[in-house]
Amino acid sequence: MRAHGSVAIAVLLPDVLGTYSDAGNAVVLAQRLRWRGVAAEIVDVTAGTVPPTGCDLYVIGGGEDTAEYVAADWLARHDGLRTALAERAVSLAVCAGLQIFGRVMTDRAGVEHAGLGLLDLVSSPGARRTVGESVSVSTLPGVGRVTGFHNHGGVTLLGPDALPFAHTERGPGNHPGTRVEGAVSRPTADAATGPGIVATYLHGPVLARNPALADHLLARALGAPLPPLDPDRLPDMAALRATYLG
Amino acid sequence: MNVVGTGRGPTIRFRVAVTAGRLAAEVSRRLGCGGGSVIGGRVAHRLCPDVLTRLAAGRTSVLVTGTNGKTTTSHLVAAALRDRGPVAHNASGSNMLDGAVGALMATPRSRLCVLEVDELHLGPVLDAVRPAVLVLLNLSRDQLDRVSEVRQTARTVESVLARHPDTVVVANADDPLVVSAAGSSPHVVWVAAGAGWEADTRTCPTCGHQVSRRTNGLRAVSWWCDHCGLHRPCPAWWWTPADEPGGFVVHHRDVAAVTVVSGLPGRVNRSNTTIALAAADAVGTDPASAAPHVARVRSVAGRYDRVAWEDRLVRSVLVKNPAGWGEALDVLAGARPVLLVVNAREADGRDVSWLWDLPVDVLRGRVVAVAGERAADLGVRLSYAGIPHHSHPDPLVALAALPAGEVDAVANYTAFRDLRRSLAGPARPRRPGGGTGHPRPAPEVPPPGPPGPAEPAGPDSGRRRCAPTVP
Ligand SMILES: [Zn+2]
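Quick note, the sequences are listed as chains A and B, same order.
Under the UniProt record's numbering, residues 1 to 246 are what the first sequence spells out, in order.
Under the UniProt record's numbering, residues 1 to 471 are what the second sequence spells out, in order.
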């Protein structure tokens with residue numbers, strides 16, 4: 001938390017990666033803090049700025065292929081940010097964000113684009129575009145079943161230093177040949193506290209559909225579990241969960 | 001008379017095809033299967049593959065394409081041309097090749113033709129009709145999960161236009177995707193028609209780097225790409241607000257300004273009207289003489305008209321995609337209670353993530369109800385934005401939660417169809433239970449106020465944009 005007591009939530013490159021409405025994840029995080037009396041601010045980190053390295057949480061979302069490589073190049077030019085993501089902050093990377101945080105992205109022409117190497121995973125073009133609803137069970141404590149929408153052309157395989165974020169129950173995951181959904185960096189998956197990266201292909205936005213995942217990220221960023229939220233804050237949530245998980 | 005297949009005159013094959021097509025359309029109509037223009041067109045096209053070329057030959061045609069506003073704008077263009085005689089027009093919105101054939105068969109003697117064309121089916125229709133004018137309104141994702149690469153659509157439109165260098169393209173200068181698609185055509189008439197949706201052009205459609213925008217505090221008035229140089233062209237046409245209610249002024253660089261009193265609400269329809277007058281001008285119709293006809297368009301294929309239901313008067317607006325929601329919320333800017341209905345079937349798009357890109361702040365202070373198969377997603381979205389609302393999957397139950405009087409309803413594709421059907425049906429007893437109606441009270445009904453100030457996309461900003469260097 002910052003000195004003045006406000007939790008800073010950075011949205012990385014909403015001007016480049018804004019295609020799938022994943023910036024809504026930051027709105028969810030901020031509002032769930034405010035509802036509990038914790039001040040929160042959202043920082044839009046656009047390509048024309050120098051990225052802040054002291055935020056508590058970073059979120060990055062989906063975009064088209066070209067935008068993805070532009071974003072990866074931009075992130076690679078900012079070492080301080082990379083260090084913050086690797087060592088200090090709690091991050092949520094979605095879709096293109098997941099691929100960018102990995103080691104390598106191969107495009108349709110076979111050209112390899114370097115990722116940030118924050119997660120041990122590689123992505124390459126799939127035989128066909130992956131589109132559809134997915135339900136999976138998270139490996140993270142207290143998160144449970146997660147729902148979201150897949151919409152991507154690439155497929156992803158994890159290396160030994162990344163762990164699955166979830167295992168699919170129905171619908172697509174990272175790769176047609178596995179039942180793995182997303183990835184988490186290894187140390188945090190063991191401890192499930194403190195800094196680290198949670199990455200997934202799920203849109204929705206994923207935190208709008210899965211409040212337990214939002215609270216998991218917040219607890220890690222604050223270093224302590226949060227008090228439960230009054231269900232009257234989200235009177236439609238039960239119906240939303242039933243829509244996708246029922 | 002030419003009796004073999006490919007000559008210029010009406011061949012037997014062509015005449016048989018048109019006769020059979022008309023017959024099929026008539027049968028379809030009598031069986032109550034809609035207007036019949038699509039089935040008639042399909043039959044004629046099956047029998048004579050170049051039927052559309054032959055039907056369009058000798059007519060002056062205007063095609064209207066783009067993601068949003070095709071139906072409305074084609075109605076406005078058809079109205080603008082009406083002084084010059086009958087106009088063949090696919091007025092019902094059947095906007096693929098068969099619909100175009102059906103419309104031309106139905107009005108065989110018209111010398112003028114206005115066709116809205118689905119942007120994904122533009123090539124075959126443009127190649128066959130060889131129009132004098134193509135209107136290119138805007139390009140955005142129709143559904144997040146279906147048209148994943150709207151840039152590919154822009155490239156396809158560009159390659160189709162390259163085959164028709166004689167066609168005048170009337171195009172929206174405020175949409176970078178449109179500019180990337182139309183910019184290399186030799187005859188482009190640029191119109192400042194606004195862009196309510198920027199999520200698909202945050203990065204440059206040509207090179208993928210971020211697009212810079214200058215805003216007037218409300219919306220972008222200029223845009224450019226530093227990397228490849230794509231930029232907003234200098235518009236020849238734009239509009240400004242006028243004092244009289246519903247009125248606005250259409251301007252052209254070289255022609256006297258024309259005042260229009262619009263029959264349709266919202267900024268987006270002022271822009272559509274400006275584009276329609278530019279298209280009419282491009283086929284030789286004086287905008288000043290066309291303006292009164294355009295003003296008489298008050299309802300387009302069920303959109304914008306009012307339906308009484310119990311003690312409420314419901315004005316419903318169809319939206320087909322995320323960009324359309326932004327426009328609809330602008331059209332409906334005001335204080336009336338509002339019903340939002342969202343489905344997620346195939347025709348609607350399965351993914352409703354875009355709800356999180358909607359400018360929901362305009363709903364603040366209004367009495368809001370959400371409904372449809374994705375009512376809960378929208379409800380969660382509104383709760384996170386701190387906007388109280390009623391919620392129920394059944395639109396009529398949600399509507400019943402709103403106070404009596406005028407109500408604005410916004411619905412996506414299948415939800416709009418279902419809503420209109422429900423509103424037209426007999427009133428039936430309903431139980432308010434079973435939904436997710438929330439315990440907190442909705443706000444008091446605010447007093448009706450004037451619509452928000454219209455913000456022109458146009459003139460001085462347009463001139464500044466024409467400076468050789470964009471700041
Ligand atoms: Zn560019």
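Keep in mind that the hints were calculated from the coordinates and are not lab data.
Glycine residues also receive a C-beta, built at the ideal position from the N, C-alpha and C atoms.
Just so you know, not all the hints are guaranteed correct.
Said to hold, decoys possible - Just a few of them, taken from the derived set where beta-carbon distance is under 8 Å, the chain A residues facing chain B:
id, residue
1, S21
2, V27
3, A47
4, R233
How the hints compare with the structure:
no. : hint : result
1   : S21  : holds (4 Å)
2   : V27  : holds (6 Å)
3   : A47  : holds (5 Å)
4   : R233 : holds (6 Å)
When the structure is compared with the earlier hints, no violation turns up for any of them.
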